[in-house]
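Can you build the whole structure from these sequences, using the hints too?
Number of protein chains: 2
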Amino acid sequence: MENLTNERLRRVQNNLVEMTGLVQVAMSCATEALLSADVHLAEQIISDDTQINEINNSIEENCLEILESQNLTPTDIRMTVASLRMSTTLERMGDLAAHVAKQARLRFPHVSVPEDLAETFAQMGDIANSIVSQTGKVIATGDLSHAVDMTKEDSEMDQIHRQLFTLVLDPDWKHGVESAIDVTLLSRYYERFADHGVTIARRVAFVVTGEAYGVSDLQGDDK
Amino acid sequence: MENLTNERLRRVQNNLVEMTGLVQVAMSCATEALLSADVHLAEQIISDDTQINEINNSIEENCLEILESQNLTPTDIRMTVASLRMSTTLERMGDLAAHVAKQARLRFPHVSVPEDLAETFAQMGDIANSIVSQTGKVIATGDLSHAVDMTKEDSEMDQIHRQLFTLVLDPDWKHGVESAIDVTLLSRYYERFADHGVTIARRVAFVVTGEAYGVSDLQGDDK
Chain G
1 MENLTNERLR
11 RVQNNLVEMT
21 GLVQVAMSCA
31 TEALLSADVH
41 LAEQIISDDT
51 QINEINNSIE
61 ENCLEILESQ
71 NLTPTDIRMT
81 VASLRMSTTL
91 ERMGDLAAHV
101 AKQARLRFPH
111 VSVPEDLAET
121 FAQMGDIANS
131 IVSQTGKVIA
141 TGDLSHAVDM
151 TKEDSEMDQI
161 HRQLFTLVLD
171 PDWKHGVESA
181 IDVTLLSRYY
191 ERFADHGVTI
201 ARRVAFVVTG
211 EAYGVSDLQG
221 DDK
Chain D
1 MENLTNERLR
11 RVQNNLVEMT
21 GLVQVAMSCA
31 TEALLSADVH
41 LAEQIISDDT
51 QINEINNSIE
61 ENCLEILESQ
71 NLTPTDIRMT
81 VASLRMSTTL
91 ERMGDLAAHV
101 AKQARLRFPH
111 VSVPEDLAET
121 FAQMGDIANS
131 IVSQTGKVIA
141 TGDLSHAVDM
151 TKEDSEMDQI
161 HRQLFTLVLD
171 PDWKHGVESA
181 IDVTLLSRYY
191 ERFADHGVTI
201 ARRVAFVVTG
211 EAYGVSDLQG
221 DDK
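The listed protein sequences derive, respectively, from chains G and D. Each residue of the first sequence is one higher than the one before, counting from 1 in our numbering. Each residue of the second sequence is one higher than the one before, counting from 1 in our numbering.
Source of the hints: derived by calculation from the structure; they are not laboratory data. Check each hint, because a few of them may be wrong.
The list treats identical chains as interchangeable, and a pair is accepted whether it falls inside one copy or across any two copies.
[What the hints assert, rightly or not] 25 Å max Cα-Cα, derived DMTMM-like pairs, lysine to aspartate or glutamate:
hint, residue 1, residue 2
1, K137, E115
2, K102, D195
3, K137, E54
4, K102, D158
5, K137, E119
6, K102, E178
7, K137, D170
8, K174, E7
9, K102, D76
Structure, rendered in structure tokens:
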């Protein structure tokens with residue numbers, strides 16, 4: 001019985017790693033679609049989001065099956081509940097990538113962000129990519145040493161997010177209201193995405209160390 | 001054993017109802033603080049959010065305890081997992097109320113929304129209030145007939161959200177970039193809040209009817 005649980009938990013873990021990979025590709029392609037006004041790529045990301053949602057549903061079902069089995073240890077239960085939540089968070093990260101892609105599609109054939117901010121959004125895309133890549137490694141290994149850059153990068157993301165806010169509110173902002181709103185919403189999508197990645201690593205930390213929110217340098221905002 | 005589980009599940013359910021009440025008060029007061037630039041009320045909502053977070057933590061612990069007990073029925077397990085998720089969603093609704101309050105505080109002593117939109121935001125506040133009130137009744141009774149107005153109201157909220165988008169992007173918009181961004185973000189907070197309320201009712205529907213997403217007129221967006 002215990003072996004079956006372990007096997008099922010490993011399957012869930014593999015699904016989570018797979019989901020993380022898909023989310024990473026989605027956000028990476030969304031950034032590309034955004035900066036090159038590639039409407040076909042944007043469409044593809046939006047439609048591929050269903051794949052991420054399906055894995056989420058399958059993880060949910062598998063986790064409920066695990067919880068319905070007998071002789072679970074408290075650790076099994078905490079791992080299963082944590083997996084359920086990670087899956088929900090990854091699904092939301094997929095949605096955020098799709099939001100970026102929808103923004104790219106909305107302004108096609110124009111690029112949704114002003115040219116002088118293209119590099120900033122490329123940077124946000126890079127940070128998002130690096131964070132979700134670390135998240136995947138942490139899920140796959142349970143080893144938090146893969147997340148050493150995460151806190152620094154999440155702070156960088158927050159800083160860019162705040163800078164963009166200041167920028168669009170500057171009296172010298174030349175790109176109009178529509179662009180200011182686009183930039184604000186996009187910036188929020190990237191910031192949330194990074195934050196969710198950190199939240200997942202924190203959940204793994206909780207399961208591995210048994211300490212709730214004890215890994216102070218892995219604290220996200222979780223909103 | 002079964003009685004203890006029932007008792008624990010009832011306690012969790014009571015906590016969820018309590019949380020729903022606090023979230024309702026928070027959003028209602030946040031709207032008031034927003035429209036009257038009441039910084040003291042705003043501060044209070046922001047600090048009271050910790051209370052909502054604490055109930056969330058306590059529900060989490062209670063649900064894990066339930067899952068660790070023996071002889072659970074599949075229904076017990078599904079109810080417990082659904083409760084965990086409802087609690088997370090309610091916690092997020094509390095955060096959204098706090099976001100509105102923070103916006104009110106940020107622009108103090110000015111009112112954060114232009115005068116000609118005050119009524120629109122009052123209306124969003126009313127809809128949010130009505131939806132979360134129905135959510136609470138559905139959680140307390142498991143009776144979906146309390147949610148009859150929910151779908152209609154959620155659609156109204158979406159419609160106002162879209163109208164506000166159009167409005168701030170209109171060339172005739174006279175209130176500047178800062179105000180356009182404030183209105184966009186605030187509108188999103190209300191729209192998300194309503195959507196989360198619908199998501200919770202949908203979860204109750206799932207537990208009660210056993211049909212995933214079967215209650216098509218209770219479909220939210222869950223993002």
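Each hint tested on the structure:
no., hint, verdict
1, K137 / E115, "neither (34 Å within a copy, 50 Å between copies)"
2, K102 / D195, "both (21 Å within a copy, 19 Å between copies)"
3, K137 / E54, "within (22 Å within a copy, 31 Å between copies)"
4, K102 / D158, "both (23 Å within a copy, 17 Å between copies)"
5, K137 / E119, "neither (27 Å within a copy, 49 Å between copies)"
6, K102 / E178, "both (15 Å within a copy, 24 Å between copies)"
7, K137 / D170, "neither (40 Å within a copy, 46 Å between copies)"
8, K174 / E7, "neither (57 Å within a copy, 61 Å between copies)"
9, K102 / D76, "neither (39 Å within a copy, 40 Å between copies)"
Comparing the model with each numbered hint stated earlier shows that hints 1, 5, 7, 8, 9 do not hold.
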